[in-house]
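Dock chain B against the given chain A, drawing on the hints supplied.
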Amino acid sequence: MKGSGARRAGEAVEISGLTKSFGSVRAVDGLEMVARPGAVTGFLGPNGAGKTTTFRMLLGLVAPDSGTATIGGRSYADLAHPTTVVGAALESAGFHPGRSALDHLLTYAPFAGVDRRRCEEMLAQVGLSEAADRRVGGFSTGMRQRLALASALLGDPQVLVLDEPANGLDPEGIVWLRTFLRHLAHERGRTVLVSSHVLAEVQASVDDVVVIAHGRLVHESSLADLVALASPQVRVVTPDRAGFAQLVADNDWKVEVAEGDLLISGASAAQVGAAAFRAGLEIHGLAEESGSLEDVFLRLTRGPEQQP
Amino acid sequence: MTAALRAEIRKVLTTRMWWLLALVLFGYLAFLGAVMAFSLTTDPSAVSSSLGTVDKLDGLTIAKTVDTLAVSLGYVFPLVIGALSFAGEFRHQTISPTFLAEPRRGVVLVAKLAGGAMLGAAYGVVGTAGAVLGGLPFLLVKGDGAHLDDRGVLADLVFSVLAMAIWCVIGVGLGTLITNQVASIVVILAFTQFVEPVLRIGLTSVDRLAEAQKFLPGAAAEALAGSSLYSTTGVVTLLDRGWGAVVLLAYAGLFALLGRYTTLRRDIS
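Sequence lines, in order, name chains A and B.
With this note's numbering as the guide, the letters of the first sequence map in order to residues 1 to 308.
With this note's numbering as the guide, the letters of the second sequence map in order to residues 309 to 577.
Bound conformation, chain A alone (with noise of 0.2 Å):
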């Protein structure tokens, strides 16, 4: 028996092999990922893509074909007390519209284990405390994402899962969050594992990144890592593309089309410029861009056919 002190050490989230169809279309597909303890992962991927069918696999609420969704190497339907080790906000998490803040709060507080103060410091904490006493029927989509994570953190669990935590969300609201999750994670060594659609929306919040299409896995790995993929290009406006395709392929660069311009990757605008000098191109605008992350998301999700 694992003793609630030894289980304050951080859980981490291992997904393995994780299969679920719905009729012909499959949801979920061979997913393996991992979600390590101290550190905020972001679970990324288009509308569709799978998450909240993942989110709901790994929570027990959906039954997988094949594989495993394991938390701290237990299932979730394994945990005696799953509230108090896993925290989970979904996205179409419920609420009666009819009772208060407060009361629902306290309607799960039985399973946590904890009281009525509790519940109270845990509406505080997301800055609910005025709107305690009244009916959710009336709450904005902000007020419920607030609610729907004091519910997550009420059993003061290892393990968050937010599905679209950000929905919703006011600019001042997002800084909070992002704030606040880094802060569990890295300072309370927590796993916290946050979808998303939008890669900006937790570009600032997250440490790894999970990005998954069409319910496969197709690229994990540190957010820095993601960002080296997003490599600068040099933006060239030239009326001599056959000179610019020979330098392109002396230098072993790459080379597209863009809106009748050449945008060349591998080098620098200072190399490209210096290149076309040496062999006398003619040049009418030169320009390095940064590449966008957003533009790696979207490369990253188009197809997984086309991924290796």
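None of these hints come from the bench; they were simulated from the model.
Some hints here could point you the wrong way.
[Stated by the list, open to error] Chain A is faced by these chain B residues, among others (derived, beta-carbon under 7 Å): (1) A311; (2) R314; (3) A315; (4) R318; (5) K319; (6) T322; (7) T323; (8) Q401; (9) L408; (10) A409; (11) P411; (12) T512; (13) S513; (14) T571; (15) I576.
By construction, the Cβ of each residue, glycine as well, lies at the ideal position given by its N, Cα and C atoms.
For chain B alone, coordinates are given in the frame of chain A:
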């Protein structure tokens, strides 16, 4: 288990539905109690036109009929609030956090059944109190008394509460089978207000099927309560109390089991 039960009780008490329904139940049965007590203590020839030939009822039978009105006519209330236990959670998608807090779905079901029994008993007390209080003035003034010191009458009161408790448990089971909240309420209203009354009277008029109506849930509940508007007016006969309890509990168990192995096994998405 205690955590799940406490959570279920809080779920009920933190929304307004339970006391709104209880209030309506009380008012409805106080009204019916008054009307029935008035009618039954009035010259029977006035009653016989609508309910067949009725001999003049003795005061005790009248008291028992009035006191068990909650089970005869008010059971739709515990049935509905019971059905909302699951159907309401599917309606508001709170079923996800519920199963996150307690992944053992059988435990959630048992907690809801137990919570339903408690809530149903409370409704039984409210409804029976309404019927008794509504009928009291007429029984005292026009009839020959309320007979509240009679052991048979007291037993009817207690078993009425028990029958209402089981109705609520049946409702919980029904809510697992018909998880659409609107559909479950429509089915309950259609069955209790139309299908079953018609079946009971219809089956009674066919000799070979007359026995079958005793096993309908409404008839079984009245048998458990010990008296009923239908039987005292000579329209139908009932099982004895013990068998009434068995049949009613069998419905509760059947619905809960069916729900456990259908709805509660499915993916929650």
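query = Which of the numbered hints above does this structure break?
reply = Hints 12, 13 and 14 not satisfied by this model.
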